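Read top to bottom, the protein sequences are chains A and B.
For the first sequence, the working numbering assigns the number 1 to the initial residue and increments by one for each residue that follows.
For the second sequence, the working numbering assigns the number 1001 to the initial residue and increments by one for each residue that follows.
A portion of the hints provided could be inaccurate.
Distance ranges between label pairs, derived from CB positions [stated by the list, open to error]: (1) A:Ile-263 to B:Arg-1167: 45 to 53 Å; (2) B:Lys-1342 to A:Ala-187: 29 to 37 Å; (3) B:Ala-1150 to A:Tyr-156: 36 to 44 Å.
Some chain A residues judged to face chain B by a derived CB distance under 8 Å, without partners named [what the hints assert, rightly or not]: (4) Gln-12; (5) Thr-58; (6) Asn-62; (7) Tyr-120; (8) Gly-165.
As a list, the in silico SDA-like pairs of lysine to any residue whose alpha-carbon atoms are at most 25 Å apart [stated by the list, open to error]: (9) A:Lys-91 to B:Thr-1299; (10) A:Lys-113 to B:Ala-1251; (11) A:Lys-129 to B:Gly-1346; (12) B:Lys-1237 to A:Arg-179.
No wet-lab data here; the hints were simulated from the structure.
Predicted model only: the values in this text are computed from it and were never measured.
Beta carbons are placed, not taken as given, at the ideal position from N, Cα and C, and that holds for glycine.
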Amino acid sequence: MVVEQMAGNLIQGLVLGAVYGMATMGLSLIFGVLKVVNVGHGAFIMVGAFIALLLFNTLGINPVLAVPLAFLFGLGLGLLFYYSVMQRLIKAPELATLLATFSLGLLLQEVVKLLFGSEYRGYNWAVGKIDLGITVLPMSKLYACAGSALIAVLLYLWFNKTRAGSAMRSVVEDSEGARVCGVNVGAAYALSFSLGIGLTVASGVLLTMFIPVGINPYMGGHYTLKAFVIAVLGGLASPYGAFFGGLVFGLLENGSYTLFALIPGVEPFALTRFFSFLMLLIILLIRPTGLLSEKRT
Amino acid sequence: MNLRVFKRLMLIVAAVGFVLIGCQKPESKAPEKKAETAAEKTAAAPDKPAAGLDKILIGHPACLSGKYAKAGEQAVGGIKAALDWVNNTYGGVTLGGRKVPLEYIYYDCESAKEAVTSLIGRLAMSDKVHVVFSPYSSGLTLRGAPVTEANKILYMDHGGASNAIFRQGFKYIVQTIGPATSYHQGTLNMIKATDPAAKKVALAYEDSEFAKMVMEGAREHARKLGFEIVFERTYPKGVTDLTPLLSALKASNPDFILGGGHFEDGQLFNRQMADLGIDTKALSLIAAATLPAFYEALTNMAEGVMGPSHWEYGVKYSEREAKKVGLQWIGPSQDEFVALFKKAVGKEMIPDYHAAEAAAQVLAYTLAVEKANSVEVDPVRAALGDLTFMSFYGGWDVDDTGMQVGHTMVDVQWQNGERVIVWPPEAQTGKPVYPMPTFAEKAQGKKAIAGM
């Protein structure tokens, strides 16, 4: 029974971890290229969740189709915020960019609250389930997991196989050198920021495919903390590292529950968080730059 | 980013926060200066009869944003509706032979503990209110209590149900919402009466002051009724995935489940039970299940789910009912309250129990001030201790600690998209659907419809 529960929880953790990873890639990308820590990260996830909700509830568009639409919306939002706010702050001290992204997050929360209210909302996209015997997986979760993995692969290919991706990597390595070689560094920054925001907004849609309830203007806060942990776990500047960091985090969080439940008088959920953060500390002690830090963008 | 930069950032964020809180305008009908003048008169002559008082000030750190914004909006609407009734229908509070209007000053506490304490300090020292209404939730209410005690101000609790609030020895706190330990008693009584064969109960709830207290009462009552607790686990606040807990719960094969904590986790609980195909005869979730947003988010998956509620539209409290049980009646009828609430919030919004209990608190304070013929804290607190009455919200009575003991809760169940009061029998607007449909049946569109 315990082994079955453990196996079931690990499968659930892997699926959830892929979505966590996807939800962190944007954060890592923006930090990797611009050296900006987006503390308003969760608010962009929330925007994606609202896009999924609205498209489903008002137009009947299923969340899979909402992913590219949310990505495009996020790209636009990223460009708007980059040229209106972030561009002026790229060379400013870290505090300025931290406060700016914090403010953008608050702004988004309050605008969404003003438009849609503060109720906890949700939608019901029933596309069946797979009963694996040891656990049951709704197809919507599998689509979210597959979508996250696909986006991670596409991002990898884009970075490594396209001129724009190479240009961006050159900016990460040495922005002055890249400029001398003819790379438009300003455009690379704008593209990175908007791409990061696009990925984050799209991840909000994928998260609702995993958990289609609790959609609220303030929902992002829970994911911001997790995203920071996962980003550090995977190597803060590495989007692919973030994806694998998400998988590790999901497995640790869900897998450890079954083990802690065996200890009498212990509340396992309280310890799973402790365990996840303990593992983070241990990994950072062994590899201070994160799990996949050598694979720079 | 090094530690120095991080410290600087925190300092700037804290400074900006303080400035923003400081710059908030009180959302009151009257200018702040006027409110201060009235209060200063009382403060300057504490032993003088309150005959000169031109208004009674109610202060409130309301949760208008943040995680409790929904409950906060309801509470503010309920308070405004009750104020409207007291000032315009009742004619004001009778004090020293005159009718004195109530005035309401509230600030957004953003559902944050730090803001609650600073705003209560501001209401007490700067606005000089006569009474402070608590914010929503047990945690926030408890946070504010030491500040009202220190300022010797009456603190009326309509949003904090935890019994722990009344175990701290606070002198000036008085509760209108029912105590948390009574939440699931009705549910357990209903299942005992409906299905004597049901024996196994699972408890799964948020690791919060409120939910722990609810389950303390449920555990005790379940044992008294002969139920066996086959599973009991908590989950942290802000949880985003309950799958591991629910998988373990499924293995314990309970007859029914009592769970939840607040809105967000309640939705998640129900949703992931559906995902994992965990079918039980009954599911009762605190806080979340009674709200319309619960059904809107979960649609058919919410069919048959129950929840305890302090008040629901349809309860049968009236002036006649009050006479029957020998209680004083005050306040609008149920339908009048709904109309006043809609006028107060300015939209077609149905009040829920958060609004009703906040409104009932205004009525309790009104009666207590009249009984004490004073706005001074000690006489009003003593009057509240002796007060018993009935309003559209139901009965009202407190024990020596200030904890509510006169109010009875009801249990509601989602049936065919509607909230139906299923327990206690004397308040029923419909029979309970037991067992509730399975999640597979609900996925096929089956509704919980009682065969009358």
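* Asked: Which hint numbers doesn't this structure obey?
  -> Going through the list in order, the structure violates hints 1, 2, 3, 5, 6, 8, 9, 10, 11, 12 and respects the others.
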